[in-house]
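Trainee: Spelled out, the chains give:
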Amino acid sequence: MIHEKGLPSMQSTPVVAIDDLHKSYGDHHVLKGISLRAHEGDVVSLIGSSGSGKSTLLRCINLLEIPNAGSLRVNDEEVRFRQGRGGVREIADLRQVERLRATLSMVFQNFNLWPHRTVLENVIEAPVHVLGEKRQDAIAHAEQLLEKVGLAHKRHDYPSFLSGGQQQRVAIARALAVRPKVMLFDEPTSALDPELVGDVLKVIRDIAQEGRTMILVTHEMAFARDVSTQVVYLHQGQIEEQGPPQQVMLDPHSERCRQFVMAQNNRS
Amino acid sequence: MDLTWLNDFSSELLRGAGLTVQLLLISAGFGFVLAIAMALGRLSNSVVLANACRFVSSVIRGTPLLVQIYILYYGVGSVLASYPLIRGGVLWPYLREGFWYVALALTLSVGAYVGEVLRSGLRAVPRGELEAARAYGMRRGQILRRVWLPRALQMVRPTLAGESVMLLKSTALASTVAVTDLLGAANIVRSQTLRVYEPLLLVAITYIVLALIIEKSFKLMGTTSQRRV
Ligand SMILES: Nc1ncnc2c1ncn2[C@@H]1O[C@H](COP(=O)(O)OP(=O)(O)O)[C@@H](O)[C@H]1O
Ligand SMILES: [Mg+2]
Numbered sequence: 464m465i466h467e468k469g470l471p472s473m474q475s476t477p478v479v480a481i482d483d484l485h486k487s488y489g490d491h492h493v494l495k496g497i498s499l500r501a502h503e504g505d506v507v508s509l510i511g512s513s514g515s516g517k518s519t520l521l522r523c524i525n526l527l528e529i530p531n532a533g534s535l536r537v538n539d540e541e542v543r544f545r546q547g548r549g550g551v552r553e554i555a556d557l558r559q560v561e562r563l564r565a566t567l568s569m570v571f572q573n574f575n576l577w578p579h580r581t582v583l584e585n586v587i588e589a590p591v592h593v594l595g596e597k598r599q600d601a602i603a604h605a606e607q608l609l610e611k612v613g614l615a616h617k618r619h620d621y622p623s624f625l626s627g628g629q630q631q632r633v634a635i636a637r638a639l640a641v642r643p644k645v646m647l648f649d650e651p652t653s654a655l656d657p658e659l660v661g662d663v664l665k666v667i668r669d670i671a672q673e674g675r676t677m678i679l680v681t682h683e684m685a686f687a688r689d690v691s692t693q694v695v696y697l698h699q700g701q702i703e704e705q706g707p708p709q710q711v712m713l714d715p716h717s718e719r720c721r722q723f724v725m726a727q728n729n730r731s
Numbered sequence: 098m099d100l101t102w103l104n105d106f107s108s109e110l111l112r113g114a115g116l117t118v119q120l121l122l123i124s125a126g127f128g129f130v131l132a133i134a135m136a137l138g139r140l141s142n143s144v145v146l147a148n149a150c151r152f153v154s155s156v157i158r159g160t161p162l163l164v165q166i167y168i169l170y171y172g173v174g175s176v177l178a179s180y181p182l183i184r185g186g187v188l189w190p191y192l193r194e195g196f197w198y199v200a201l202a203l204t205l206s207v208g209a210y211v212g213e214v215l216r217s218g219l220r221a222v223p224r225g226e227l228e229a230a231r232a233y234g235m236r237r238g239q240i241l242r243r244v245w246l247p248r249a250l251q252m253v254r255p256t257l258a259g260e261s262v263m264l265l266k267s268t269a270l271a272s273t274v275a276v277t278d279l280l281g282a283a284n285i286v287r288s289q290t291l292r293v294y295e296p297l298l299l300v301a302i303t304y305i306v307l308a309l310i311i312e313k314s315f316k317l318m319g320t321t322s323q324r325r326v
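Going down the list, the sequences are from chains A and B. For the first sequence, position 54 (counting from the first letter as 1) is numbered 517 according to my numbering, and the numbering increases by one without interruption. For the second sequence, position 90 (counting from the first letter as 1) is numbered 187 according to my numbering, and the numbering increases by one without interruption.
Be aware that one or more of the hints could be misleading.
Unchecked claim - Short derived list, chain B residues pointing at chain A, Cβ under 8 Å:
#	residue
1	104
2	225
3	226
4	228
5	229
6	231
7	232
8	233
9	235
10	243
11	244
Simulated from the structure, these hints should not be mistaken for lab results. Think of the CB as a built atom: it goes at the ideal place given N, C-alpha and C, for glycine as much as any other residue.
Can you build the whole structure from these sequences, using the hints too?
Mentor: In structure tokens:
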């Protein structure tokens, strides 16, 4: 499949702009200077072996983790940090971060739905209680989204009654409900039984083709090649290869990246 | 069986049962709020606060409730009585009543015991669920109210039912400081009619019924999402 939007649009300001980002846990230097841009409509796939720092990078973008150094701009707004006690970097303005988080949405590997709320309540939670939408409007929107992920008939069920694939599709509806500027996916199909992966990938593919901006960690190489505008290969906390999917996945400069892609292709 | 005493003392017994229920509700209510504070204090990042809460909790759980009631009623009560300003104040009629000392002691107990239960519940909530709340922009208070606490309560609900029945039974200690609760009323019947067993039997049955009501209401509270979690 050929993308019209294969080249990042240089003229627009990026929705997410990361510059020279570092993250350590104690002495463990996990991210070693990452710079990355996602423009409106981009689908950026992060690939790389386990432990290379993909999740950490994603979690730095919505500040579930606080980077030790480097800058982060979301919607053209610089995230402000300050030096706390002991020189530890911390968030300067929690309100700013909460505001930015509400424009990003995250789909987790383990779904992380709220088990004490029904499917519908999970989807309307953030719109009503974070964004202050009217309940009626939020419900109408949520029902539309549940329809779209094929789970409208489960709206009053609790998450524990759903299969993993269904839970993840609810999680995607929850992510869409906040009308996010950018969607972050962290290995959305890795925790699923193989026969349930297809449904979830199909939903993500549909969303990608609507022109949503997303940053996606995945091991599904064929999928990444199809939907991405940009593929980023991470190795030991650094970007080793980056570019359009055809280049990174079929003709990379890095031998390591070539082998990684081949190994993944053989696996699936 | 001669039940004429039941007629003669029915208003005392009813009033006593009312006091017991009041003690139960007051100390459960305030105690629950205190328990949340204690649990959060113990989980706090501040070492000073966490240790202070642990210390208070250990002291309360490590001493007999009856001793605490005596200390509050005879100790604090008599100290308060030595201040003429308090003695003459508008609150004195309440401060003289055993009821409020018992309510306070029970509240502290609930705070300590249920605080421990809640702490373990809060710790058992999977991190991912809280992370999702954070990721969607919820504020700290919102996360606590809408995700963390409800999930913790869901997990410790059976233990809380047990603690509430314990609390009900502990209210009977009120009769030791001249509060005419359910047991206190039975004591009056006994001393005035010289009947020992019938009033006590009635009291025991009433406690059982109250305990059943408590257990039933806890069951009803959690029959929604608990089914397969
Ligand atoms: N909270 C944490 N504390 C300490 N080390 C961590 C933490 N999170 C991740 N790491 C370490 O950071 C490295 C990168 O992890 P992660 O970003 O999860 O990798 P990936 O998602 O690419 O598999 C791993 O070595 C992991 O052990
Ligand atoms: Mg990961």
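Trainee: Output the numbers, in ascending order, of every earlier hint that fails for this structure.
Mentor: 1
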